[in-house]
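Q: One-letter residues, chain by chain:
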Amino acid sequence: MRVRTAAVAAAGVGALLLTACSGGQSSGSSDTLTWSMWIGSSDDQKVWDGVGDTGAEASGKKVSLQGSPFADYWTKISTQLGTSAAPCIVTMQSLRVNQFTDGLLPLDDLVKSTGFDTAAFDKGGMKALSVDGKQYAIPYDTGPLLLFYNKDAFDKAGVAAPRPGWTVDDFEAAATALKKKGQVALATSVEDIFLEGTILSINGGTMIDGSGKVDLGDPKTAEAVDWIAGLVKDGTATRADGADASADDNAFINGTAATVVGGPWNSLDFKAKAKFEVGVTTIPSPQGAQKTYSAGSGFGVSKTCSDPEGAFKAITAMTSEKTLTSLAKDGRAFPARTAAQSAWYENAGIDGAEETLKSALASAVPLPGSADGDKLSQLLSQYGPQMVNGQKPAKDVLAEISRHLGK
Amino acid sequence: MSDAAVRARGPRSLRSAIGYALLVLVALLFMSPLIFMVGTSLKAPSEIFSTPPSLFGASLQWGNYSEVFSYAPFARYLVNGVVVATTGTLITLAVSALSGYAFSRLRWRGRTATFTVFLATMMLPQEVVIVPAFVLMRELGWVNTYQALIVPWAFTALGAFLLRQFFMTVPQELEDASRIDGLGQLGTFFRIMLPLARPTLAVLAVFTFITYWNSFLWPLVIVNDVSTLGTIPLGLQQFFGQQGTQWHLIMAASVVSMLPSTVLLIALQRYLVRGIVTSGLGGR
Amino acid sequence: MTHLPAHEMTATAAPKGRRSGGPRRDRSGVWGVGFVAPHAVGLALFTLVPIGIALAMSLHDWPMIGTPSWTGFANYSSLFGDPTFRTALTNTVLFVVLYVPLNLVVSLGMAAWLSPKIRHRQIFRVIFFLPTVTPIVANAVVWRMLYQPGGAIDATARSFFGIEMPDFLADPHWAMIAIVVMSVWQGFGYNMIVFSSALDSVPESQLEAASLDGANAWTAFWRIKLPLISPSLFFATTMTLITAFQVFVQPYIMTRGGPGDSTVTLVQFIYNQGFTFQKLGLASAAAWILFVIILGVTAVQFLGQKKWVHYE
Chain F
1 MRVRTAAVAA AGVGALLLTA CSGGQSSGSS DTLTWSMWIG SSDDQKVWDG VGDTGAEASG
61 KKVSLQGSPF ADYWTKISTQ LGTSAAPCIV TMQSLRVNQF TDGLLPLDDL VKSTGFDTAA
121 FDKGGMKALS VDGKQYAIPY DTGPLLLFYN KDAFDKAGVA APRPGWTVDD FEAAATALKK
181 KGQVALATSV EDIFLEGTIL SINGGTMIDG SGKVDLGDPK TAEAVDWIAG LVKDGTATRA
241 DGADASADDN AFINGTAATV VGGPWNSLDF KAKAKFEVGV TTIPSPQGAQ KTYSAGSGFG
301 VSKTCSDPEG AFKAITAMTS EKTLTSLAKD GRAFPARTAA QSAWYENAGI DGAEETLKSA
361 LASAVPLPGS ADGDKLSQLL SQYGPQMVNG QKPAKDVLAE ISRHLGK
Chain A
1 MSDAAVRARG PRSLRSAIGY ALLVLVALLF MSPLIFMVGT SLKAPSEIFS TPPSLFGASL
61 QWGNYSEVFS YAPFARYLVN GVVVATTGTL ITLAVSALSG YAFSRLRWRG RTATFTVFLA
121 TMMLPQEVVI VPAFVLMREL GWVNTYQALI VPWAFTALGA FLLRQFFMTV PQELEDASRI
181 DGLGQLGTFF RIMLPLARPT LAVLAVFTFI TYWNSFLWPL VIVNDVSTLG TIPLGLQQFF
241 GQQGTQWHLI MAASVVSMLP STVLLIALQR YLVRGIVTSG LGGR
Chain S
1 MTHLPAHEMT ATAAPKGRRS GGPRRDRSGV WGVGFVAPHA VGLALFTLVP IGIALAMSLH
61 DWPMIGTPSW TGFANYSSLF GDPTFRTALT NTVLFVVLYV PLNLVVSLGM AAWLSPKIRH
121 RQIFRVIFFL PTVTPIVANA VVWRMLYQPG GAIDATARSF FGIEMPDFLA DPHWAMIAIV
181 VMSVWQGFGY NMIVFSSALD SVPESQLEAA SLDGANAWTA FWRIKLPLIS PSLFFATTMT
241 LITAFQVFVQ PYIMTRGGPG DSTVTLVQFI YNQGFTFQKL GLASAAAWIL FVIILGVTAV
301 QFLGQKKWVH YE
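Going down the list, the sequences are from chains F, A and S.
Take the first sequence: its position 58, counted from the start at 1, is 58 in the UniProt record's numbering, and no numbers get skipped.
Take the second sequence: its position 205, counted from the start at 1, is 205 in the UniProt record's numbering, and no numbers get skipped.
Take the third sequence: its position 180, counted from the start at 1, is 180 in the UniProt record's numbering, and no numbers get skipped.
Calculated from the structure, these hints are not laboratory results.
C-beta atoms are modelled at their ideal positions from N, C-alpha and C, and glycine is treated no differently.
It is possible that part of the hints are untrue.
Unchecked claim - If the Cβ cut is set under 10 Å, some of the chain A residues that face chain S in the computed set are:
1) P33
2) A102
3) I180
Unchecked claim - FRET-style restraints, in silico, Cβ to Cβ:
4) A119(F) <-> F73(S): 52 to 60 Å
5) R270(A) <-> I293(S): 35 to 43 Å
6) L25(A) <-> G230(F): 39 to 47 Å
Based on the provided sequences and hints, a complete structural model is requested.
A: In structure tokens form, the structure reads like this:
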């Protein structure tokens with residue numbers, strides 16, 4: 001008995017020591033650059049590991065990828081930046097970069113000293129990752145928000161395939177025709193980027209003003225939300241689900257809803273999973289007032305990184321034409337580097353993708369970020385369904401969200 | 001009392017048969033979410049929301065289970081879960097057996113006071129200390145490490161309490177006899193007392209293992225690199241990803257995540273009931 | 001292991017510890033301190049110290065990054081003026097008030113039903129215990145699928161009874177009830193096992209005596225069994241109360257606190273304030289309030305136990 005107990009105790013202590021040694025790689029070690037990125041699956045992991053390898057080759061250091069699901073990623077980053085546990089290379093999204101400027105290194109000096117050519121990138125994509133004239137990240141992708149549609153469902157309802165630049169009236173007519181066939185037209189979402197994008201296109205309403213301040217007082221915003229709520233009540237749009245950010249994508253993929261708002265980054269997934277022909281067009285706007293948001297993501301360097309030069313070398317390789325072309329071929333990201341964009345068009349496999357994207361890009365404005373961006377996103381997922389699903393007037397809910405943000 | 005004897009008693013047996021049928025019905029109803037989980041885990045994605053509802057799809061998609069392991073590093077999550085829960089449980093058992101014994105059979109200055117402090121911390125839920133515990137981990141440089149997942153929760157007072165209750169029921173003569181046999185304090189503890197405590201240790205092991213295995217909030221806070229350090233509950237969340245909720249995969253992953261603790265439960269269930277009695281939980 | 005600091009710790013923890021019985025003259029005292037040391041040091045470091053840190057933090061404006069500044073009781077007063085906090089508090093109390101009695105009644109009822117006379121009672125016990133050992137995240141996800149429109153409950157009701165069910169999780173009137181039902185389903189197994197083993201240990205002789213006195217099963221249960229198992233009832237009630245106050249995962253997975261704030265609980269409030277909004281001081285103050293509430297409720301339990309708990 002004693003032997004056994006002793007063995008158990010030894011095993012416990014041993015395991016503890018073992019785990020203590022193998023655990024946590026801090027970003028401080030001199031031969032490794034830690035890179036944090038949102039990762040949704042093993043496939044993601046593989047692709048981004050490949051991207052990390054190009055960075056490793058260029059910097060001569062190991063690039064170790066640290067991933068968490070998108071929904072948790074921002075909470076994690078905010079607990080790390082500014083501490084010694086911060087990763088060296090930080091993946092940033094344009095509408096969230098504002099809230100992390102304290103922890104990120106402005107890259108302008110490194111851009112200048114290394115002769116990095118920013119002109120090779122989409123101007124809007126580059127600008128979207130800068131705050132107050134300082135560049136905080138180099139974009140790998142960019143993209144205007146678009147409307148994906150179910151071609152088969154449109155055909156069945158006898159609705160002509162929508163062309164880029166179609167109007168809200170066109171959409172309403174299509175929705176009515178679809179409804180006659182028992183088909184719900186729109187999959188709604190309360191995720192910040194998609195909800196804000198829909199609202200801007202519908203009537204120009206905004207939630208964040210040009211200076212990065214959240215302002216929900218715009219009457220047009222409430223009007224647009226009530227318009228969506230009208231569709232939900234009418235049965236031509238699905239109900240929004242705050243606890244499941246992908247409910248809209250699911251509704252589109254399984255055919256419940258005939259259209260969904262998304263970015264170019266969604267196209268690969270939609271095409272792979274949908275059992276119908278996927279089409280893409282612009283989000284409906286009023287006649288002659290086509291508008292859409294664009295958003296993008298890129299790589300930045302944390303202030304606490306012990307080797308910013310090495311990190312920037314890695315980033316340069318991770319956003320090179322070669323890397324972005326291969327990402328584009330995968331259909332993952334619409335490249336921020338203009339020279340790599342043709343590869344995306346060629347591989348998108350969606351009719352009219354190029355025409356739609358060009359039309360959308362021409363009317364795109366960067367979705368402004370805000371220091372309160374993550375809070376807004378959190379509050380929208382919690383309170384948003386009530387207004388989008390028409391349980392409460394949008395004006396009241398927006399006022400309530402403002403009240404929460406106020407403190 | 002034998003089953004045959006119960007069944008043999010005429011009208012009573014009818015009543016008990018009806019009662020039994022009712023019990024089976026209740027159990028089935030109770031199980032239905034789990035049955036539904038297994039059913040959905042074997043459906044094709046397109047069959048998941050169907051009216052009228054069906055338990056199984058047109059064909060059983062066993063491939064969902066292998067997809068769980070290829071879609072996300074689920075094997076890694078399983079291993080992490082087992083390593084964390086096992087190590088944590090072993091530490092808990094070791095320290096609790098020692099302290100439970102000290103609180104019941106040894107006399108030392110400050111015993112009552114220390115035990116009162118222990119008891120008071122039982123009222124303190126883990127959730128209450130996540131913020132300071134996180135700050136502490138950051139100071140120790142333990143954020144995103146295995147030891148942060150294991151160590152902070154291995155010293156809960158419940159174990160000391162359970163084992164103290166148990167050791168108090170052991171007759172003093174046993175210990176006196178072992179002293180006479182020339183066993184020292186350590187010998188008495190390891191060779192006499194500890195073997196007696198097996199049922200109570202089993203209870204503690206099951207409870208502790210399950211707590212670690214199912215823990216969600218703390219890993220959510222402390223793990224930054226889910227693909228290497230993720231445990232099962234964190235991993236389950238991965239199927240909620242941006243790329244659409246994979247209901248069939250979540251269900252398959254949930255079934256897999258149930259297995260280890262279920263096996264533990266079935267293996268130790270005899271001990272469990274006895275242990276609860278002797279530890280004073282179910283005592284009178 | 002670390003003997004010395006532990007010794008110091010216990011020595012200082014109880015400098016004038018009353019000599020209950022008085023230490024023996026043998027070396028038992030040394031052994032006692034040595035045996036308790038690993039556990040005590042761990043508990044002190046990972047539970048008592050954080051509690052202290054939390055108290056200190058709650059008196060500061062403590063950002064995730066940057067220097068904390070002393071604010072006194074500002075966090076506490078801003079919490080009580082914050083409607084979200086008050087809602088979280090009411091929601092948590094509502095959950096406790098619904099969940100705890102329901103859990104106890106169901107678990108006691110099932111424990112009584114699964115008497116030794118029931119065939120295959122081991123199997124039934126395992127069945128009812130099963131959700132307890134399943135990760136709550138998994139359970140919550142399954143129930144989300146059951147609850148949602150077009151999900152199993154709705155689809156069953158529509159196809160067999162022609163009734164459309166409410167959208168349980170999106171309806172402010174139903175969301176909390178839905179969470180309570182799921183929580184009872186998932187959680188009563190623990191108490192059932194505790195009660196079951198307590199009932200088993202009621203001596204046959206006492207029951208026989210009662211049945212000779214003409215008591216039927218019902219009165220025997222109320223008059224004899226229940227008082228005899230009252231210590232278990234007390235223990236279970238206390239532990240269930242404590243855990244109920246910390247409810248987090250079920251609403252987090254099923255509703256994210258929504259719709260609106262109708263299912264936001266205190267722990268979710270703490271998590272949001274601390275890790276999403278990065279106000280660690282405010283979060284710590286909320287944690288301390290939760291701690292004090294739990295302490296208070298438990299104290300009431302302990303004071304009340306004299307009236308109904310019978311130790312032999």
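Q: Hint by hint, say whether it matches the structure.
A: Each hint tested on the structure:
1. P33: holds, 5 Å
2. A102: Because about 4 Å separates A102(A) from the closest Cβ in chain S, which is inside the 10 Å limit, the hint holds.
3. I180: For I180(A), the interface hint is violated, since the closest Cβ of chain S sits about 14 Å away, which is over 10 Å.
4. A119(F) <-> F73(S): 52 to 60 Å: For A119(F) and F73(S) the Cβ distance comes to about 56 Å; the hint holds.
5. R270(A) <-> I293(S): 35 to 43 Å: holds, 38 Å
6. L25(A) <-> G230(F): 39 to 47 Å: Given about 46 Å between the Cβ atoms, the range holds.
Of the numbered hints stated above, the single one contradicted by the structure is hint 3.
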